[in-house]
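Asks: Those protein sequence lines, which keep their order, are chains A and B.
In this text, residue positions in the first sequence follow numbering that gives the first Met the number 0: the first is 0, and each later residue adds one.
In this text, residue positions in the second sequence follow numbering that gives the first Met the number 0: the first is 0, and each later residue adds one.
Be careful, since some hints might not be right.
The list that follows gives simulated cross-link-like pairs (lysine-lysine, DSSO-like), each with its CA atoms no further than 30 Å apart [what the hints assert, rightly or not]: (1) A:Lys74 to B:Lys128; (2) B:Lys87 to A:Lys4; (3) A:Lys88 to B:Lys333; (4) B:Lys187 to A:Lys12.
To list a few chain A residues with every Cβ distance to chain B over 10 Å, as calculated [to be verified]: (5) Leu18; (6) Lys25; (7) Val37.
If you are wondering where the hints come from, they were derived from the structure by calculation, not from laboratory data.
Model, not experiment: these values are computed from the prediction.
The beta-carbon is built from N, C-alpha and C at its ideal position, and this holds for glycine as well.
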Amino acid sequence: MKITKKEVEHVAKLGRLELSDQETDKLTSQLSNILTYVEKLNELDTKSIEPTAHILDIKNVMRDDVAMPSLPQEKALANAPDKAAGHYKVPKIIE
Amino acid sequence: MKYEAVIGLEVHAQLQTNTKIFCGCETAFGEEANTRTCPVCIGMPGVLPVLNRKAIEYIIKTGLATNCRINAYSRFARKNYFYPDLPKGYQISQYELPVCEHGFVEIVVDGAVKRIGLTRIHLEEDAGKNLHTSESGASLVDLNRAGTPLMEIVSEPDIRTPDEAAEYLKKVRSILRYIEVSDADMEKGNFRCDINVSLRPVGAKEFGTRAEVKNVNSFKFVQKALEYEIKRQAQVLDEGGKVIQETRLFDSNKGVTFSMRSKEEAHDYRYFPEPDLVPVATAEEVIENIRKTIPELPDAKRERFVREHGLPEYDADMLTQSRAMAAYFEETVKLAGQPKVVSNWMMGELWRLLNADNKEIENSPVKPERLAGMIRLIDAGTISTKIAKTVFDEMYKSGKDAETVVKEQGLTQVSDTGAIEQIISDVVKANPGQHADYKAGKEKLFGFFVGQVMKASKGKANPEMVNELLKKKLSE
C-alpha cells in the first residue's frame, strides 16, 4: 500500500512531530514498505474468525471500589518542568 | 422556508463511585489541587490501569433502566489527542463494543408519551481541569479530576424541539438519581451535555448538515443554545448558504453560540483497542442480579400514581421527578388520604417555601406526618383552607405541628352559629347603604359582605357557615 507524503505530514502533525522535508520523504517510503508488508495478512481468509479484542485470553480483571492513598502534591509535581500554586504550569491554551 | 430541527444529545454523567475508574484515588470535588492523583491517573510510564468493578455495575444498571441491550462482550479503546488536561495524550474510552446499546427513554410532551432512542452508553475517564490565570503566557492544570468515571449517554436524533430536549435531559437525570449511579449535579459539572443539531425542510427525509454545541451545563442553556442555533441555521439556509459542520460553544451571557475556531482542525482521534485493559464479559446471571437492585422507575411510578391515586398526569409527572418527593407524597397520603389535596399542598405551599430556601424535600422542616396532621385539622373543620396557609407557613418556620400552631396563635375556625350571627349582624348594621342596594337587586354585593365578615373574624369564621347565614340575614 502506498502512503502519500501528505498523509505522513498529517500524521506527524497529529503526533506533534516536526519533520524536515528529507525526513518526510524517507518516512513516506519506509511507511509504505511497512504497510505493504502488513498487507500480506489480507490474503488470509478470516471470515470464520472472531475479531480479537485482546491478545491475552483473559477477561474481567477488576478491582473493588476501595480508596488507596494518593501521592502527596510535591511528589505528584516532582517531575513537572514548571509549576505554580500546586498546579502544573503549561503554556497558555489559546481559547 | 419551514424547517424541522433534528436534535441528538450526548450526556456525560459522572458515576458516584468512591474511587477513580482505573486507580484507587478518591474521586473528590473541591479538594486542594493535585492531591488526589497517583502514577496511573497522571500517566507515568509503566503503570497499568485496572477497571473499577463498581463502574461496570453502575453502567449496566443504567443500561437496564433505559431499556438497553447489555453487550455480553465489551472492550476499551484509546482516543488520541493532545491537551494539557489529558496527561497520557489519550483518553481511555470505548469505541466498538460499548457496554450498552439500543435503548430508549420516554418523555411526556403535550400530554403524549414520546420515545427517544439511545444509541449507546459507554464508559470513559474524565480529563483534568485547566485554569486560565490572568498571568499572560501560562495556564495551570489540576489533575484531581483526571480518571473520574464518566458515562456517555448518546441519544438517537429523535428530538425535534428545545422543549423535548429539556424533557429528555430531565428524564435522564431523574433516572440516574432514582437508580443512584450519579448525583447528576449540573453545578458541579457532574452532568454535562453536548448538542448536535441540524435543520431540514419540513417533510424531508434526509438530514441536513449538523453543528455541534459542546459542554452546555444547564437545562435552560440547552434550550437557549438550541433556540439560537435553529434560528441561526434557518437564516443561513434561507439566504442560500450552507451550514458548516463544526464545533461551537454557547455564550450564556449573550445567549449566542459561536464557532470554536481553535479546534477547527478536523478531529482525527485514531481510536484503537486499549491494550492495557482486558475485555469485560458480563454473565447473564450478573446482569440479572443487578436488575434486582433497580427500584420502581419514574415512568412506572407516574403511571401508578395516576392509576392508584387518581392524580392528573401533570401532578403525577411532577411528583415522581425524584424518589424523595414521591416517597413524601405516598407517606402523607397513607396518613391523610386525599391524594389530590396532598399533591396541591406539596406543589403549592411546600415547593414555594423549599424553593425560596433552596432546600431539597429531604430537608423539609415539615415532615409528611405534620402535613397529614394539618390536613386532618382542615377535615375536622378546626381550621379553614385559607387559614391553613398561615398555619403551614408557621409550621415551616417554627418546626411545630399544626395543632400547636393553631392553639398558640388562636387560629381555630369559628363554627359557632351564635358568634358568626353576631359578626354578620354588626357588619350589616355598619353598611346600611350596601344592604339596601343588595335588596334592590345588586346581588354582586354579596361578595363584599362575605369579605367584611371574614375580615371582622380575622379570617377565622367558617366560610360555608358565613355564606349560609349571611344569605339568610341579608334577605331579611
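Asks: Quick check for students: does the CB of leucine 18 (chain A) sit more than 10 Å from each CB in chain B?
Replies: Nearest chain B Cβ is 17 Å from leucine 18 (chain A), so the label holds.
Asks: Would you say lysine 25 (chain A) is clear of chain B, with no C-beta pair closer than or equal to 10 Å?
Replies: Its Cβ never comes within 10 Å of chain B, the nearest being 22 Å, so this holds.
Asks: Given the hint that lysine 87 (chain B) pairs with lysine 4 (chain A), does the C-alpha gap stay at or below 30 Å?
Replies: Holds, because 28 Å separates the two Cα atoms, which is no more than 30 Å.
Asks: Hint check: lysine 187 (chain B) vs lysine 12 (chain A), CA-CA at most 30 Å. Holds or violated?
Replies: Violated - the C-alpha atoms of lysine 12 (chain A) and lysine 187 (chain B) are around 35 Å apart, more than 30 Å.
Asks: Do the alpha carbons of lysine 88 (chain A) and lysine 333 (chain B) lie within 30 Å of each other, as the hint requires?
Replies: 59 Å, violated
Asks: Valine 37 (chain A) clear of chain B by more than 10 Å, beta carbon to beta carbon?
Replies: Since the minimum Cβ distance to chain B is about 14 Å, valine 37 (chain A) lies beyond 10 Å and the statement holds.
Asks: Is the Cα-Cα distance between lysine 74 (chain A) and lysine 128 (chain B) 30 Å or less?
Replies: 19 Å, holds
Checked against the numbered hints above, the structure violates hints 3, 4; every other hint is satisfied.
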